[in-house]
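Chemist: Put the two chains together into one complex, using the hints given.
In order, the protein sequences belong to chains A and B.
So the first sequence is residues 1 to 558, counted in the working numbering.
So the second sequence is residues 1 to 269, counted in the working numbering.
No wet-lab data here; the hints were simulated from the structure.
Ideal Cβ positions, reconstructed from N, Cα and C, are used throughout, including at glycine.
It is possible that part of the hints are untrue.
Cut-off 27 Å, straight-line C-alpha distance, at most; resulting in silico cross-link-like pairs (DSSO-like, lysine-lysine) [to be verified]: (1) B/LYS54 with A/LYS329; (2) A/LYS347 with B/LYS54; (3) A/LYS351 with A/LYS400; (4) A/LYS228 with A/LYS504; (5) A/LYS504 with A/LYS442; (6) B/LYS262 with B/LYS117; (7) B/LYS54 with B/LYS9; (8) B/LYS117 with A/LYS329; (9) A/LYS294 with A/LYS504.
Far from chain B, some chain A residues (derived; all Cβ distances over 12 Å) [claimed, not checked]: (10) ALA92; (11) LYS294; (12) ALA322; (13) ILE335; (14) GLY539.
Just some of the chain B residues that point at chain A, by a computed CB distance under 8 Å [claimed, not checked]: (15) LEU36; (16) LEU134; (17) GLY136; (18) ALA137.
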Amino acid sequence: MLTRLKGGKIYDPTRGLAGTVGDIYMRDGWIVAAPAAGTRIDQDIDVTGRVVMAGAIDMHTHIGGGKVNIARNMLPEDHRGDPVYHTELCRAGCGHVAPSTLTTGYRYAAMGYTACFEPAMLPTNARQAHLEMGDTPIVDKGAYAMLGSDDFLLRMMRDGADQQRINDYVAWTICSTQALGLKVVNPGGISEFKFNGRKLDLDQENSHYHVTPRQIVHTLARSLHELKVPHPLHVHASNLGVPGNFQTTLDTMVGAEGYPIHLTHIQFHSYGTEGDRKFSSQAALIAEAINRQKNVSADVGQIMFGQTVTASGDSMSQHRNAAYGSPRKSVVMDIECDAGCGVVPFKYKDKNFVNALQWAIGLEIFLLVDDPWRIFLTTDHPNGAPFTSYPHLIRLLMDKSFRRDALAQIHPDAATMSTLGSIDREYTLNDIAIMTRSAPAKILGLTDCGHLAPGARADVVVYREDANPEVMFTAPEYVFKNGTVVARDGEIVAVMWGDVHAVKPQFDRAIEKPLADYFERHLTQRLGNFRISDDEVRGLTNGGELRVHACQRDGSPT
Amino acid sequence: MTALTLTLKQALPGRLDLSPLSPTLARDGLGGLAALQVHMGTRQHALGELFAIKGDDASNVVLAGDLSRVDQIGAGLAAGSLRVEGHAGAYLGLAMTGGRMTVTGNVAEFAAVGMRKGSIEILGNAGDYLGGALPGALQGMAGGQVVVHGDVGARCGDRMRRGAILVAGSIGDYAGSRMLAGTLLALQGCGAHAGYGMRRGTLLVRGTIPIDATFADCGRHVLPIVHLLFRSWQPLGGAFAGLADQVRPVQRFMGDRGADGKGEILHFE
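Bound conformation, chain B alone (with noise of 0.2 Å):
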């Protein structure tokens, strides 16, 4: 078997939505799949028209193209794997609850929202509310682990319930913004306001990081958790695999006080 490659036939004069192609390809396999309907903007497509498909392997999934006008890519993933090779639309792995994804180039706003299990690994940079909610939703991201080997957006980590965001670069504005529990790494600082209104969960953040008055200093710690999540994560590689290599003591925050209080910050060089 190989991999099932969709090729992009040529450049998309709008926004893509490809949401139905996971769920079925998970219910359906391969049959029709060159007829299934896709909305672009008010119009409807058959995926055939747009894309060239190659290969029979339905659990195995490869996108090829300039996909950075294609949305809710692997959406609702349940198992498998998907590979994206270039840039992402909005909305990648939106409330997927399985499987594992990997981008090469950038992915842009809200992906990994509503995520519930599996993995992605985005190559590249990553747009805001990585891993947060939708407008109005409860929850964010509420298990699964995200890694991103750039840089990321403002507001990730919104709401996020559960699991884990690890990003090699920066994180932008509100950093674990209302956030409810879960653990958020960043290995090259935030921009301001991290963790404003966060409940409980945990940011783990080395390098600037501007701590707002509704975080209260806890002091210095060596931390025997933080030193087994450094080791848990030493096989991802690139900038999270030398983490472990010696002790690092923690300042931790507490906050945001002016929600629960009971999140934290935990600051590292």
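Bound conformation, chain A alone (with noise of 0.2 Å):
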């Protein structure tokens, strides 16, 4: 079937695209070249002055995986807040800051997301986490294995293994799991925890295995850059929350040496020690050094006012964070000595200091951070706030006088301390279009993602423009996934399930046996039960596809 979109606005920064008004045809559910004059087109849909974009992808928000289920369990309240009733099409869900799997993907499909990705998957939760994604209909799915505070890789970094054998359990990890990219969260932090320790700074030692964190970080990152992993390495830097912590973030990045990282959820990483409260804003220095390092890429993590909850693999911050939990009660625990999890629920509040300055301090990042190529639209979902915040966080981008009266509603001091009342940028709606559609395809290595050229898939979103970006982003008139409309005006008309996306990074398999006995000797199962394989992830996808990536990455460290 072909289907035309007729004369729309088209906003396709991965072709130079900015709202040229042109056509765009789909047939298939592929995106297809203008076809010979005269060819039948079967649907025509006239969307002049609309505004067309690909569908959006959120490359870091939590929707599978232990975490999320301990929160889902945790807080009942939330889902006795929210409940979802089941429709003709749709199921029944429940659940604001932790929605069920279902309400999940249809609430992303319905603001035009079409893909969103898991960024903490441990590998020994990897098939928790693929039953919960394959469970999450529409949206395409993939996730981030995490290292850097298992035993294994510590066993072996402290026995001084080589390279190659490191990249070797890497890639062994990344395709065991069906993992699209690596994690490293408090870089042998999460280890240190278990160890009694309740900090570890960049260049301290983990006082097991004697290694610092900038060396996980250095040893992972040149790993995925010698496998060609596209993604980078997704750092969850050490000393989150932490006052000061901005001078851990800016030597993190030097300590990459020039190999590609992305920094997650950067916000909760730039906070200095000034002022009264010993609490304040870094974002110029961290916005500085990531538009002077181009091997430096970064998602902010905004933290939006109201009730919603952490849930990280941070185990040391999340113990640390506990007593301000509100509701009062978290869960903080280790998972199989591999890494840890804590889930503490927030409540963001907008006449609180420290949270005021959070919120300014994401958005300062946002506006001074020069290259929309290398920021991310993100609130960490659910850690900063829910991913249904994402319009009113474009509104904030976009219109300067709306965030001045927000400013103006905070916590005064707050306000005070903050520059961002003295920042005029604007995001453009081609902005936007970048850091939520065409860099998080580039970035994660997603070739037929997040643009419209022909050969991509039919992933397209097509808003009403409106003075107002809240409005505009909350219900677009048409989103489309691999062809079908399947939400219009914000309410689901068609439910399918979408692809699991992965890479095959290449490895020796003789990584198997040391890892076998391993296996046999500490862990809870037997290796051949551990991994996932093809098969079985796409048995889990509904009838979804298992999208392999090629593993190919240009030149060297910069």
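Modeler: Structure, rendered in structure tokens:
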């Protein structure tokens, strides 16, 4: 079936289109070139005056894996407070900050998102993560496997294993867990916590393995580069949320020694210690460092005021935060000696100095990083706020006066300490298209997503332009997934199942010998049961595909 | 004005969720009441389909008929009075924040859960978890008063935070379990493990009560506060009326020492 979207204003930064009026053709789930004149068009949709973009991509959102389920278990009030009744098409669900899998998929799709990536899949929890993601309808999924505090890697590093062998282990982990990338969370720190450490600085040795976070970041970043995995190392840096941690963040950028790294939820890592309350914004320094170092990209992890829940693998920082939980409950646990997990519900308040400044710091980073190709729009769902707050966030970025009004509402001391009021920059629609489509596709190595050139998946969103971007981005007029209209004006009109994205870096199978022995001796499952085969992951997608992306990277470290 | 009376037209084939009723009445008054959508299982029905609606006083509501399969009656009630003629289903008065409810028959489980203010009087018996906490909630009933003239099931006052539950009959097992604070009165004894895991709060019990090993006997006392409480309950009538007639010494047990240990069981005859 050939579908034409006629006369829309196309924003496709991948091809340099910013509001160019043109037609989009879709056939059998793919975008195709304009057919020869006279070809019969089965479905012709006039979108004159509308904004047309590729489906949005959320490159960092906690939608699967153990943590989210713990958050769901822990917050029955969140479920009771936001019931979603079933319809003819959609199944019932619930939850505002930790929605059920089904509700997550419907809400993302209704907002124009067609791909979501779970950033912290513990290898040992990979099956659970894929099961949950497999149960998330419409959107494409993928996950980054989490290493860096696991015993096997730290033992290898302690024993001075050569890089090649570590590469094999990294690649084996990515392949065995059907991951798209690799994340490191509080490198070595989660392990340090188990030896009663409550802090681990970048150059501080883990007390048991005697390796430093800097070494771990460098080793893994190099490993991914040598394996040519497209997505750079996804780094949740040390000292999350600690006032004064901006120095750690700057040092981490330098510590990568030119290897590409992606710093995640950087808002939580940009704090200084100035002022009466010993808490201040260092967003300008961080943004300046990102602007200067082209090997670094970041997503923001913006916070929004209101109730949410923080779910992180960083048990060390979550243990620190547990006392601030609201409602006051928390889970901080070890997961099979492989990593940790901490879930703490949080209520960010605009009249609270720290929260208000966190909010301002996130926006400062958005506005001070010059290159929208290297900064990504996230709230680190649900850690900063649930993903349903994206349209509001987009408005804050696009509308200077709205932003100033919001700034006037927050804690006055925080507003005074922030430079936000003096920043005039407003994001354009094209910038938004870059940071929510083209750039995530590029940094994840997804060649067939995030753009509208022939050969791409027909994931297309048609927005009704509105002076208020929040209205515009809340309920797009049409959302196409694989060429099918799945949502209209914020309502789901068709349900389908998205694909799973993964990469398969090459490695030497010999690594399985010591691993099999290690699993046998130390872990709760055997190596053969741990590995998730292609067939198994396909079985979880409800008919979606397993899309394996090529491992290629250009150039040498900068 | 006459009381707004909703009479169930026929026996229900399933459980009906009446939670929208009280908030809708408070917000919109009588307008559109007959068309109000309520859930029975997976289906929706208009309120007017199921109930005959008469009367015009939205602040004075009477429900009549066999309502034992109607859940969440008076959920979210904030003001006014609601009277149930007959039995009521589960979650009666869920999270109510004010007003007055009366039930002439029995109520099922989870009545007065999450209640914050107001009063409920039950002339019959009440099921488990009266004034308790919803599964996973940190606090149960956090204010107000519940009076039961019959018996109550297990886990009465589970995680209760504030307020009073006064029972003329007996309470089942685990009375006042995980209680944080508040007052529980039973005039015809309690089942096993009364006060299990209670941190603070008071259980006042007449009649048989097995005391767990985690409660410490603190001796026999004459406590003026007990007498003051009895006096304040005199107007409730029935079994509560005669309590203040004489000085009643109490045997005081503190516990649960497996939890915070600042709670007390006061046993009297």
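Chemist: Against each hint, give a clear statement of whether it holds in the structure.
Modeler: We went through each hint and held it up to the structure:
1. B/LYS54 with A/LYS329: violated (47 Å)
2. A/LYS347 with B/LYS54: violated (45 Å)
3. A/LYS351 with A/LYS400: Between A/LYS351 and A/LYS400 the Cα gap is close to 21 Å, so the pair holds against 27 Å.
4. A/LYS228 with A/LYS504: Holds, at roughly 10 Å.
5. A/LYS504 with A/LYS442: holds (17 Å)
6. B/LYS262 with B/LYS117: holds (24 Å)
7. B/LYS54 with B/LYS9: Holds, at roughly 12 Å.
8. B/LYS117 with A/LYS329: holds (25 Å)
9. A/LYS294 with A/LYS504: holds (26 Å)
10. ALA92: With a cut-off of 12 Å, A/ALA92 comes too close to chain B, as the shortest Cβ separation is near 8 Å.
11. LYS294: Given a closest Cβ separation of 48 Å, the condition holds.
12. ALA322: holds (15 Å)
13. ILE335: holds (22 Å)
14. GLY539: For A/GLY539, whose nearest Cβ neighbour in chain B is about 29 Å away, the distance exceeds 12 Å, so it holds.
15. LEU36: Violated - the Cβ of B/LEU36 stays beyond 8 Å from chain A, reaching only about 15 Å at its closest.
16. LEU134: Since chain A brings a Cβ to about 7 Å from B/LEU134, closer than 8 Å, the hint holds.
17. GLY136: OK, holds: B/GLY136 within 8 Å of chain A, min 3 Å.
18. ALA137: Where the cut-off is 8 Å and the nearest Cβ of chain A is about 7 Å from B/ALA137, the hint holds.
In this structure, the earlier hints numbered 1, 2, 10 and 15 are contradicted, and the remaining ones agree with it.
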